[in-house]
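Number of protein chains: 4
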Amino acid sequence: MIKVGIVGGTGYTGVELMRLLARHGGAKLTAITSRKEAGMPVSDMYPNLRGLVDIPFSTPADAALEDCDVVFFATPNGIAMQEAGALLAAGVRVIDLAADFRIKDVTEWEKWYGMSHASPQLVAEAVYGLPEVNRERIRGARLIANPGCYPTAAQLGYLPLIEAGVVDNTALIADCKSGVSGAGRKAEVHTLMCEAGDNFKAYGVSGHRHLPEISQGLANAAGAPVGLTFVPHLTPMIRGIHATLYARLTKDVDVQALFEQRYAREAFVDVMPAGSTPETRSVRGANTCRIAVHRPQGGNTVVVLSVIDNLVKGAAGQAVQNMNLMFGLPEDQGLGIVPLLP
Amino acid sequence: MIKVGIVGGTGYTGVELMRLLARHGGAKLTAITSRKEAGMPVSDMYPNLRGLVDIPFSTPADAALEDCDVVFFATPNGIAMQEAGALLAAGVRVIDLAADFRIKDVTEWEKWYGMSHASPQLVAEAVYGLPEVNRERIRGARLIANPGCYPTAAQLGYLPLIEAGVVDNTALIADCKSGVSGAGRKAEVHTLMCEAGDNFKAYGVSGHRHLPEISQGLANAAGAPVGLTFVPHLTPMIRGIHATLYARLTKDVDVQALFEQRYAREAFVDVMPAGSTPETRSVRGANTCRIAVHRPQGGNTVVVLSVIDNLVKGAAGQAVQNMNLMFGLPEDQGLGIVPLLP
Amino acid sequence: MIKVGIVGGTGYTGVELMRLLARHGGAKLTAITSRKEAGMPVSDMYPNLRGLVDIPFSTPADAALEDCDVVFFATPNGIAMQEAGALLAAGVRVIDLAADFRIKDVTEWEKWYGMSHASPQLVAEAVYGLPEVNRERIRGARLIANPGCYPTAAQLGYLPLIEAGVVDNTALIADCKSGVSGAGRKAEVHTLMCEAGDNFKAYGVSGHRHLPEISQGLANAAGAPVGLTFVPHLTPMIRGIHATLYARLTKDVDVQALFEQRYAREAFVDVMPAGSTPETRSVRGANTCRIAVHRPQGGNTVVVLSVIDNLVKGAAGQAVQNMNLMFGLPEDQGLGIVPLLP
Amino acid sequence: MIKVGIVGGTGYTGVELMRLLARHGGAKLTAITSRKEAGMPVSDMYPNLRGLVDIPFSTPADAALEDCDVVFFATPNGIAMQEAGALLAAGVRVIDLAADFRIKDVTEWEKWYGMSHASPQLVAEAVYGLPEVNRERIRGARLIANPGCYPTAAQLGYLPLIEAGVVDNTALIADCKSGVSGAGRKAEVHTLMCEAGDNFKAYGVSGHRHLPEISQGLANAAGAPVGLTFVPHLTPMIRGIHATLYARLTKDVDVQALFEQRYAREAFVDVMPAGSTPETRSVRGANTCRIAVHRPQGGNTVVVLSVIDNLVKGAAGQAVQNMNLMFGLPEDQGLGIVPLLP
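Protein chains in written order, with our numbering: chain A, 73 to 414; chain B, 73 to 414; chain C, 73 to 414; chain D, 73 to 414.
Source of the hints: derived by calculation from the structure; they are not laboratory data.
Treat the numbers as computed from the prediction; the structure is a model and nothing was measured.
Worth double-checking, as some hints may not be accurate.
Computed footprint of chain A on chain B, listed as stretches where at least three residues anywhere in the stretch have a Cβ under 8 Å from a Cβ of chain A [to be verified]: (1) 119 to 131; (2) 172 to 184; (3) 353 to 364.
Quick reminder that beta carbons are idealized off the backbone N, C-alpha and C, glycines included.
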């Protein structure tokens, strides 16, 4: 039984990790920290876990995280980079669900995240935890940079085209829409029900932190820099990301076959039949990415539709998938949840 | 492996049964009927089941339901009463998720449901499938009348008070609120997103079909008729029922202890600590009923708050719970789903 | 042209006052204060007011409120009681949309609101601004205590029964449901879209501040104390209150006629035909209270359904109605907005 | 007073026309037809109109539409083309809110709409009712083809760029999102609250009827055909369209100034300050189109964000704006409604 710790478990990725771990079978939550809520039973904050998680939040000092086999950081950006080193030194593996280790270019990271990086040497070591790209490296990793939600949906949607070299990589357009849980559980005005409900808007048009992360992943696949316009939007639902991805074909390929071949052996990527339009709710609560690919009017513009649950394949589920790989468990252990529809 | 058939599987209780059976482990779906959609793969209608349910809808004639061990009717009212008899005669057990066998007084049933009953003799045999009341009888039953959604929430909330004889049974008030999925997947104007969304209303104030069902259950517990005012409301969410139940105490009892004792051994009823207010989302996707009990200002009016997921404990989950009992499986097999929050 | 000031205009009652005043025709907004946002154009925070409100928020010191004819307090509780006195002394009329002057029994107020009252002498003078009860006194008032949202819906629903003396006033049950805007625009976790959306719950069961306000109003109508159980609920919509009110008839009266007669001359109370179930959206954005009255199964329990828009008839609209009365304008000036449906 | 008739008034554009006409001041609704609901008071179906619209639905035969000054068709596609001719011959002006007269190329229209056109000669006469383009021709028109909702948002967003000739017209990408009311009030499964709520999806990717309409308008502005990829999406809200429009700049212009100049004299187009992200709710219930224009990272891709209320500027409001122009009234008469926020 893998002993699991969670740092910063009061947010939505924290409760989602607990939901998945509660029925995992091969991992046991032994500590969950929250400075602010230390002493409060987890299930007082999250009654869906009543009878399933019987430990309280604890202070980092009391959590004995160094006795865990793996620690998940479900913290704001900038925490894991300060604490991961000591855990790694104690032989604990670390999966960071925040962004501290995602961008290899530390200068670029510091520009987008507005702080100095506390552990640049760990950035080099960290493996970007997108199993569909880095599966073998994840198996051997000590430190995982778990991908962001938009980056997961966008990269899985673009990769078959870019790896095959069939689109113009200099003019990619990713128009993405996220449910409100992507903004977390912080008390903020713009995610109040009366602000975000029955409303739709773009945000971060001039530059969003997930832009360099997506660009880095696509550039790795292309072997050259890419040109990407990324516009995120807030849509009035709780869970789900829908990425609508545009590219110009430079070769006349069977895009449906291309996608089906690329993901034929991937348990968590479902290429839908030609003509489909995936719904975010079709993956609600599950670790699946569903994709459909179109060429409207048979032209040269290819449109990829890629949906995930931002809290699962876009965060906690992918983190558990990475843990499974790191510890030699079946990749899908604990992730067999059927999407909740309606 | 129990062989399971579903009649009329295109609605929300049908897809919910499939969601639960897909991971049940002790039961296998062998046939699902829909006259209208015969031939269509189930997962074309419900993409959340892609890779999990690989059979198509079939006509009743092709379904070979008589080879099943158990058949669920997820049909409109009035179907099961016509077809259950033949299945029972073939040795198949039947669980009706509609209302055909819920009301023991056939005349009363015919008044509320507006049709003649096709199998009054089966009404007498049918066991009302509320395990917290009828567990032993369910184990031996051939035919189960699976309770309605409001009746499940309301009865579980009232039973401790009525069984203990501590309230005035002649003046009960059940103010209940349901998410829209309770109305099913029929194309109707009043459940369109633009009609039911961002809106709240009562309906059926002059008389709702669940009134006689609740009254029957409470009268059985009381050993005498009860006086009940039942007002259902439609609330703009997808899943969930919240029953707010009022009664006047006739004895000064510790209501918290009363509820805790009544449900101490029930896996699917969670009595929350004093002062709690259960949220519908805390049971989303799960077979749990969460209950809190209050005496505002310490007075003689007791207020019970009872929440369920109408599609799970209020329909498909309770049906699987009944199946487990009927076939000697652990009562909670396949029902260990953690509620999805947020 | 009436010169209007608003104190504390960054919340939902503030923006709602501005929406109504922008097209009022007889009143002009000359100052709106916010310590925190002083200097920011109002329409930067509320882009729906672009081109309609061209002043910025100002500090109280800069606002010259004493030059206004009337000042609305759209502030948290406890502010108006400190500032109203000076304005009244300067000849300015005051309408408080918070609770400072609603409860005549100052001791009771202090118990529920958890603070000492700064101006008990003004409590005595203040007129409770429910025009359907106090119209003539409002016309002559200097200081208005604008009613709360739940109290408006509940009192208008109960008054015909209580004034006529036809129900048992000792056992009233008000089961009320509010949209999330009733909680205001503060950054708080429980009103985030991911907490309040797709969810339903009760709150304040052990005691809500609107309980003494409703009880006071009903007691005034009855000429004696009343016994009231009040359970508020949060429903996942933005605007709207639905009060479901229960009482036991002590006389066999024609309740439909009773309600129609009581409100025959009220422009903002619409008694719907017998058998109706008012929807909250039918009053969205408007100053109307729609009411239907039922006797389920012809029994002695009367059920009143009363809906308002909590930000209009439950707050800003009623405040404008009071202003119109105080300044001798047509009572409905600026309030002819057609409800927005869908 | 203009005498107004509405054909097919039971849908959302019908009720929206009535909402606007009820407070217009210069127009009076004299007839509204519905074969199915003839005899039913309008306010029975739409209680928001109680006390405001006191006529019932009538059959076309009883409606005496030929006595009206103007008739709005709020009907499904294919009705107005059969009935407009007779009304025009009787001297009645006609505004069609459906698509019958929007596409000048009748063959193209027949391909997209799947029927033969009944009045091709009227197509030539009809004026496309986008006042920001065709104001003078609208003033003199007998027959108006009121624009579609997506086409209004997309054209107003693209026009400044295309009229100025500063973008590559061959590779336009319009990623558009609509609230559910755009699908109308028909009883259909895909717009049920349980299907469209808490969910996001694309649709019509292979070809949507608004594509040729947008292309026609942009081609007129460009003086040459354009290449457009148009992907509509359904977002879980009631009202609102958000168009996210992409183009590649071919000249280095000040796009902010370009938009501000183009719409400087337009009452219903609001160009927001640089850096803004318009919200759909900021135009809820109003006839305004709000636009912001961005060049992410200062590059050559220009991103235009354009929001409207699909039922107002995208349908009924624009129709009233056209009526005002046709009858020499102030263009904004009856359209001064302040958007409802929150």
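Now the hints, each set against the structure:
1. 119 to 131: Coverage by chain A holds here, the residue count being 6 at a Cβ distance below 8 Å.
2. 172 to 184: violated (count 0)
3. 353 to 364: Since 7 is at least three, the answer is holds.
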